[in-house]
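Protein chains: 2
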Amino acid sequence: MLLASTSTIYGQKYLEYLLEDIKILFSGCEKIIFIPYAQPSGISHIEYTNKAKKVFESLNLNILDYTKDNIKEQLEICDGIFTGGGNTFLLLNKLYEFNLIEDLRYKINSGIPYLGTSAGTNICGLSIGTTNDMPIIHVKSFEALGIIDLNINPHYIDQIEGIEHMGESRKTRINEFHNLNNQLVVGLREGSSLSVMGNDIILTGTKKAVIFKKGNKLFEIETGFNLKNLI
Amino acid sequence: MLLASTSTIYGQKYLEYLLEDIKILFSGCEKIIFIPYAQPSGISHIEYTNKAKKVFESLNLNILDYTKDNIKEQLEICDGIFTGGGNTFLLLNKLYEFNLIEDLRYKINSGIPYLGTSAGTNICGLSIGTTNDMPIIHVKSFEALGIIDLNINPHYIDQIEGIEHMGESRKTRINEFHNLNNQLVVGLREGSSLSVMGNDIILTGTKKAVIFKKGNKLFEIETGFNLKNLI
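Chains as they are written, first to last, in numbering that gives the first Met the number 0: chain A, 0 to 230; chain B, 0 to 230.
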């Protein structure tokens, strides 16, 4: 699994910085499914699928055509999964609505390659409780796939010095999360990913990640650090 | 009702910029109830109540002592309500858990003075779907008190020029909200409030507010504008 903080880094095209990783991750895959439910800016499922499809095609990788009704069948036969970013509430809402949680969890745990960006990364943690997204739709549970035994905060951003805005900082929000929840939270800066294989959860990319462990002061980890040592 | 975007503006003390308004709003009130459930930074209910109590006392206004078990009774006998900011999910979760939604709505609609800051403002709209807060706890419904027929986005902030962060802007998020919801959304900048009496919903404070009306381009309104004309 490659769990990326974001699909797009500043000044680049969609997925551009991940192309090499995608090539390696999905090498040999012929039936990759794209999960478009997070719908960034309300893009339709079909348009969003085609957007991802186009990038994958440039690497000679095939994403299956979008289907409304046969998603369960596609999920069963696929040999790779990519869940795109957007709104995490909307994504999880649809996974529950279409009864896909168990299938998706089972398929990922079977060991096929999985790529997540932003919301698609967030749902692989224990819950969506550390998303930055607006709750634009209700979800019957915030429990996510739980493929890894922690929570992710994508698009992690440090407090901007000198800003006069009094809304809570990311750090304050995650500390508030820890007043009610126990799991480790990883603040993944844009350009960072978690590379997961078996029990190993390795920080990759160019930036350090921020670790919120309940009861501890936050600290940073370097690229290459294995998070299994913290769980 | 005075619905403030924030309790505290940059460089000032808690509620300092609202003192004159509080004095006028609660003039003659003797039994004001404080609703502390949003617990900013996890402050306890009792500490949070005492923090508000102290400020109100400086204006010779009495906030009732915090009670865990007699909140329904307090709500029945009170002649003023102040709901503090913090985490909106936590606040609404507790209102549902303690079965206070109906009582609170009834009491506010009876016409007694109400002050909300941030989360306490947000819950007076139709839903909490435009909160900026992290979903640190599940809520069985995002439906809020619906005292006013619109949604509020508190701590509204414009996109910061030149920032390289690729997370969604506030504007993008609210537009995503409108892909699934119809109500008017008011982006209330820090220092702004809505002053509500009967059907009138007047923008007060020093800053313009940003209006998101589904299907329209966003626009700004000036202090003194009556939002009833847009609903």
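If you are wondering where the hints come from, they were derived from the structure by calculation, not from laboratory data. Note that the structure is predicted; figures quoted are calculated from it, not measured. Heads up, some of the hints might be wrong.
Identical copies carry no separate label here, and so any pair may be met within one copy or between two of them.
Straight-line distance between alpha carbons at most 27 Å, and here's what the computed DSS-like set of lysine-lysine pairs gives [as the list claims (entries may be wrong)]:
no.	residue 1	residue 2
1	50	12
2	139	53
3	139	213
4	139	93
5	67	50
6	213	52
7	30	207
8	207	53
9	212	30
10	50	213
11	30	227
12	227	67
13	227	213
Evaluation of the provided hints:
no.	hint	result
1	50 <-> 12	within (11 Å within a copy, 49 Å between copies)
2	139 <-> 53	neither (34 Å within a copy, 39 Å between copies)
3	139 <-> 213	both (26 Å within a copy, 26 Å between copies)
4	139 <-> 93	both (11 Å within a copy, 17 Å between copies)
5	67 <-> 50	within (17 Å within a copy, 53 Å between copies)
6	213 <-> 52	neither (40 Å within a copy, 31 Å between copies)
7	30 <-> 207	neither (34 Å within a copy, 52 Å between copies)
8	207 <-> 53	neither (31 Å within a copy, 43 Å between copies)
9	212 <-> 30	neither (38 Å within a copy, 42 Å between copies)
10	50 <-> 213	between (39 Å within a copy, 26 Å between copies)
11	30 <-> 227	neither (30 Å within a copy, 54 Å between copies)
12	227 <-> 67	neither (37 Å within a copy, 41 Å between copies)
13	227 <-> 213	within (16 Å within a copy, 46 Å between copies)
Of the numbered hints given earlier, the model fails hints 2, 6, 7, 8, 9, 11, 12; all others are met.
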